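*Asks:* Respectively, the protein sequence lines represent chains A and B.
For the first sequence, numbering that gives the first Met the number 0 begins at 0 and goes up steadily by one.
For the second sequence, numbering that gives the first Met the number 0 begins at 0 and goes up steadily by one.
Think of the hints as simulated: they come from the structure by calculation, not from any bench.
Remember, predicted model here, so these are calculated numbers, not experimental data.
Cβ atoms here follow ideal geometry from the backbone N, Cα and C, with glycine treated the same way.
Hints should not be assumed to be uniformly reliable.
Here are the simulated distance ranges between beta carbons [stated by the list, open to error]:
#, chain 1, residue 1, chain 2, residue 2, range
1, B, Ala-222, A, Ser-65, 25 to 31 Å
2, B, Gly-190, A, Ser-65, 23 to 29 Å
3, A, Gly-82, B, Ala-222, 45 to 51 Å
4, A, Val-78, B, Arg-79, 47 to 53 Å
Quick partial rundown of chain B residues pointing at chain A, CB under 10 Å, derived from the structure [said to hold, decoys possible]:
#, residue
5, Gln-8
6, Leu-11
7, Val-124
8, Asp-147
9, Leu-150
10, Thr-154
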Amino acid sequence: MHEMSVALAVVDQVEQAARSRGAVGVESVSLDVGELAGVVPDALAFCFELACAGTVLEGAELFTRSVPGTARCGTCADVWDVGMPPQLICPACGNAAADLVSGRELRISEVRWADVEAEADAAHVRIREPIPQES
Amino acid sequence: MCRVVDLQQAVLAKNEAAAQILRTELTTRGTTVVNLLSSPGSGKTALLERELLLARERGVPAAALTADLATENDAERLARSGVPVKQILTDGLCHLEADMLARHLHNWLPEDTRLLFVENVGNLVCPASYDLGESLRVVLASVTEGEDKPLKYPTAFGLAHLVVVTKTDMAEPAAFDEAVFRTNVQQVNPGVEVVLTSVRSGEGAGCLLDRALSAAEGSAVHAPVMAQARA
Ligand SMILES: Nc1nc2c(ncn2[C@@H]2O[C@H](COP(=O)(O)OP(=O)(O)O)[C@@H](O)[C@H]2O)c(=O)[nH]1
Ligand SMILES: [Mg+2]
Ligand SMILES: [Zn+2]
Ligand SMILES: [Zn+2]
Chain A
0 MHEMSVALAV VDQVEQAARS RGAVGVESVS LDVGELAGVV PDALAFCFEL ACAGTVLEGA
60 ELFTRSVPGT ARCGTCADVW DVGMPPQLIC PACGNAAADL VSGRELRISE VRWADVEAEA
120 DAAHVRIREP IPQES
Chain B
0 MCRVVDLQQA VLAKNEAAAQ ILRTELTTRG TTVVNLLSSP GSGKTALLER ELLLARERGV
60 PAAALTADLA TENDAERLAR SGVPVKQILT DGLCHLEADM LARHLHNWLP EDTRLLFVEN
120 VGNLVCPASY DLGESLRVVL ASVTEGEDKP LKYPTAFGLA HLVVVTKTDM AEPAAFDEAV
180 FRTNVQQVNP GVEVVLTSVR SGEGAGCLLD RALSAAEGSA VHAPVMAQAR A
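Chain B extracted, bound-state conformation:
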């Protein structure tokens, strides 16, 4: 005979608790985390390189952590900006979790860091399910990935606080339809801001830094419908 026990428990509760602790700990000491999600090659590292340089120029203490399955190439690229950078090699794990991030920050993150940018593993599926204690979650898509990307990865786009379109210098050859892209974003995440960027043309320079700073100053960030789950 077996007994039934209601073990009503959220499977990712442990990560959510760890993320909440990290968020509180970091915001208390004045550090705001920005979590960057996209498919591989959308331009996370390129955009970060530019925004970190700007942060340095403007005297904003920033740091960056970049996660990849293998190779330290991205950390080397980001380190050229002069801000503290650390590479996380996930050894095949396809996403970061809050406790992993916490371990990597321990004994590394400079005390005075105002903004900590985390480049997540290039993947739009599971990183969406793992809160890292960020105050701003940014999802990127390049103009060459198709206007329906938000519909193909609704959970990732649906939970974004900010959507960044990258490589707009290639919008014409890629026949990127901005209006359709925006409509698709609104379908899964009504009200979220969409910004256009290109590291080639310079479009949208500083937008990521500005949004991150405004979140750091306590301005309300967008509240995605999908995050208002009563599940």
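Bound-form chain A, shown alone:
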């Protein structure tokens, strides 16, 4: 199942961050899941629990926030909710959307560590997201 790969990728990334900051546990992980990301939140929650077993994330809660798809027209600058199935033709002028403003994200938005030892601010992990390349 696809959601298992996604859950494993989340666990892998949080584990790495945990190692680098010496975290002993994880309270919760929050994910932004775009409507067009192709992930079913319920299936993901199920897989997440399995994927956490035996790792520093054992017992961590998963919060998913669904992000609606919105598109922007390059011609008239209209911005609209694309809905599902998505409508990527501008409802105002009939031209193709220039881009999706939101809806394809599949991103860890927040991790709550269970460690008590507060570290210096330098411990903040912020990893820049690569721009999805499709060309």
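Here the structure of chain A is known, so what remains is to put chain B with the ligands in place on it, guided by the hints.
*Replies:* Chain B with the ligands only, in chain A's frame:
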């Protein structure tokens, strides 16, 4: 007391990075990857059989990799074209990932390969989320699958560089409404090209090969709106 840390990180970042590395590595050595996605039975293998034969006739060095949950039947079918073919058995995994592909290419892909066709696992859900380092992503649907297929699988069709309709020889009995299908494709992927094919009637013979070659020569491929995500 717990501390909150912003770990703003794309979940599939690792695959995307691996795909980018593979794309650069392959295009540098002159190999262009074509990723074929569809539901099981849409006709990926049948279309590839025909296009590989044509590639061979025209002297285009091609190779093919075919992924299935089980059985090597597709590889056997494709190998009849005479081009190098490899089967990937995913052992239940429902999609290919870039690092899996890279592992399979290692020590196998002939140096002079111009076009590498990858038949993804028959599934329109998750393969759409995994970039394999392809330069051309092709999504297929047969005339018997219904005109609303693009609306049911918007992410797959929305990220396609080319949409191929297969089995058009059966369009009449299936009462396939081409205009409705095209409208639905345009809704989720404005501007993408839709080509009609049949391995029975010969319609669209060579279209996949031609589009792949033109991508290999550096012609701009379609840029799907969905891929222009600022997420
Ligand atoms: N009538 C007709 N049948 C086709 C055509 N292409 C494929 N098929 C049949 O559809 C079935 C599935 O094709 P296959 O290539 O194995 O699909 P795949 O699962 O996408 O690789 C086979 O029985 C093929 O013979 C076509 O153009 N016309
Ligand atoms: Mg096949
Ligand atoms: Zn999958
Ligand atoms: Zn507009």
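*Asks:* Next, verify each hint and record whether it holds.
*Replies:* Hints, verified against the model:
no.	hint	in the structure
1	Ala-222(B) with Ser-65(A): 25 to 31 Å	26 Å, holds
2	Gly-190(B) with Ser-65(A): 23 to 29 Å	28 Å, holds
3	Gly-82(A) with Ala-222(B): 45 to 51 Å	22 Å, violated
4	Val-78(A) with Arg-79(B): 47 to 53 Å	52 Å, holds
5	Gln-8	5 Å, holds
6	Leu-11	6 Å, holds
7	Val-124	6 Å, holds
8	Asp-147	8 Å, holds
9	Leu-150	4 Å, holds
10	Thr-154	5 Å, holds
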